[in-house]
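Chemist: Those protein sequence lines, which keep their order, are chains A and B. To convert a position in the first sequence, counted from 1, into the working numbering, add 141. To convert a position in the second sequence, counted from 1, into the working numbering, add 21.
Misleading hints may appear alongside valid ones.
[Unchecked claim] Facing chain A, from chain B, some residues (calculated, C-beta under 10 Å):
id, residue
1, Leu47
2, Val146
3, Leu205
4, Asp258
Treat the hints as calculated values from the structure; they're not laboratory data. Built from N, CA and C at the ideal position, the CB exists for glycine as well.
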Amino acid sequence: MFRKNKFGVYLSLIVLGSIAMVPIFWMISIAFRTNPEVFASPLKLLPPTFTLDAFSTVFENRELIQLFINSYIIALSVTFICIIAAAMAGYGFSRFDFKGKRSALIYILLTQMFPMVLLVIPYFLFITRVGLYNTYFALILAYTSFALPFSIMMMRDFINTIPKELDEAAKIDGCGPLKSFFYIILPPCLPGLIATGVYTFILAWNEFLFAVILTNSIEVRPLTIGIGMLIGEFTTEWNALMALSFMSSAPLIIVFLFVQKYFLQGLTAGSVK
Amino acid sequence: MNNNHARNDLVEYFRKVSFILPAITLLLLLTAYPLYQVILMSFYDYTDKANPIFAGIKNYTEFIVDPLFWNALGNTVVFTIVSVFSGLSIGLIFALLLNQQINTKFRAIFRSVLMFPWLTSSTVVAAIFMLIFNPFGLVNKFLSSIGFTELSQTAWLGDENTALLAVIVANIWRGFPFMMLMLLAGLQTISNDLYEAAEIDGAGFFKKLFYITIPQLKNIILTLVILEFIWNFRSFDLVFLMTGGGPMNSTEVLSTYIYHHAFRTLDFGYASATAIFMLLIMVALSFFYLKSSIKKEGE
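The shape of chain B in the complex, shown without the other chains:
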């Protein structure tokens, strides 16, 4: 009797989880198992590729003293922060403009067209911006035509002072439309009454922006910042394609640093240890996001 009851419970449980089972199985197989492998590999020495030997924390102590690792971490932080906040500002400007009471056809066209950068692949974005930042490219032609003769000689991607900036510009261009779209959706939920009341009180544009719009968008901005932070922190394609991390490591980010160690020097142990470190930074920095998401689930 009791046994039968337990069996029914089990059947009921499987009936409930059966819907999530295919997805969860795939995810565990394709992410949890690899993660376990990387953790394991990070403790091995791959000098002899065929017979890796256990090396304790050697890989960790090695990368932590590598100045090139800290250079890559610094570049990643700059790349991420500048990309996220510029993208967010540009996205907000476009979202605010599109949210005005303008011709609906006009708005629909602009909203669609402004999404194009987000739809192009990173390889295409890299190709376009390499052409634009070419020493004889559009940027320099434009600069020389408005009188900046000296600046127009710059080889943007070949100069260690400007290469990171050029890659970031390409990255912002690809990233802003998604933020624009989400912010616009958020703006449309703000009641017009708030603005009308503020106008009666004589509030100007910036007062309304900082006291109504941004506070009302707080949640969506927070979510966007964290998502974009994660996506940019781990981004690889643009840097790899446009500069390969050069010149003189000036654009090397953590992803390309790890890639070079894994697939150029074939030091899987060292690369794994660095990748684990990178994952830990990301989890630590998005801790509050995780915490608030989990709290939401609990409700």
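So here's chain A without its partners, still in its complex pose:
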């Protein structure tokens, strides 16, 4: 659009992009400082003395490591369940016509509108009643229900882009719906499956409200709670808090960098038309 002035484009991107990245830069800069230097005056953009103190504070704390493990267990389980359920449902919605299909789709759209805080009250009562309070399973169930609606729509849109002729050819060759789902639909769906997986993993890894309400001990609580609690307690140890924040963001960023190509394809398969 403004092709005459490429230099301006590069310059704007660098300036605006740098401004947008200040919070990330600041998190890293603080994570590698000693604590007295956090509010060093005058302002020091780079750590005056580069140190890994804050990281060793985090690693020496066994409870924080446990929180990491919990987050992985919960987020990976939710991702696994969600990918399977969403791929199947996406296939069903994309390929079959049946009574109640429209109502089911409308309901899925509606669930996107439920305020989390509306669901958390009955969840809490239900989970305590069935004895699942303070278990991984309580959080896995809850997060699956948040991630499913968007995942189903994403998978359905993605499967819609796969030509119907493929299934029909398979049908003529004697493939049943289940067989054609596994051999015809799933392989070209890889970008969609990855997008769903990444979306779900991010959602489960980052959730906070339900984790506060449905768990109360360090053995099952996810990392977000750990950071949330440190915001209260550690207010004097900002460097450790930033080191932990850095460590909790790094896995998502690394995964995202590897799969972002597929993620973009999957995310935009249906929504950009």
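Based on the hints, put chain B in the right spot on chain A.
Modeler: What follows is chain B alone, placed relative to chain A:
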């Protein structure tokens, strides 16, 4: 014979729905049942926690006259509108810049790096921005270094005039990358011929932006606005972590208002009634989105 036919139909029906059954069962169990529970609870009085009694619409008439409820609703509206439109503008600026014919490596790096805010959890975003908005933090250090000595004394999150603004800034920062990504995908579908034709007619940057780019992106902008509207309207984490709704309720949004009534005062009935009201607002405001999605399904 006829019976057999009906049975075959039923088998056929189950074969078709079997693929969506696991997901739908999970969703009904995990959202429809809780919703039914909340509706029920909203008509009960929880003064005696062990034996709630039916109270009719008492909870509804109570919250509707609470000035703090209207304060929370107002804050939610401000929080949502400012977040959505600022995020959309920033997202569009970055998307437009990234869509230029620039070095592909350069573009790929910027596109990835600009997604980082979206990948950080709300707890991390809250922690970073609490540090930045600390009275001795980065914002004030910067302000004092460029000469705003008085402004640099502000306790951004502790002052009722600035706290909401500070939370909104954190929220926009977390929200813009997703909008950027979707808009960029939309931009890439616009044919270059349109711009070339416009250039021949002598159209400048803004003419092209308002007469070609934005109209071509209409659908995706509409979808984004509604999705973001829903996500922001119900958002909880940032406010809860950064200010807890304070100071003096100046950042209290509907989600934290409901949370406080449910888990601090343990008034489940009152909290449920407010939550139902909140759901109704969201459904009403996204009605057109629902309608157009449903119409699309019909095709």
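Chemist: Take the hints in turn and mark each one as holding or not.
Modeler: For each hint, the structure was consulted:
no., hint, result
1, Leu47, "holds, 6 Å"
2, Val146, "holds, 8 Å"
3, Leu205, "holds, 9 Å"
4, Asp258, "holds, 5 Å"
Violated hints are absent here; each numbered hint is respected by the structure.
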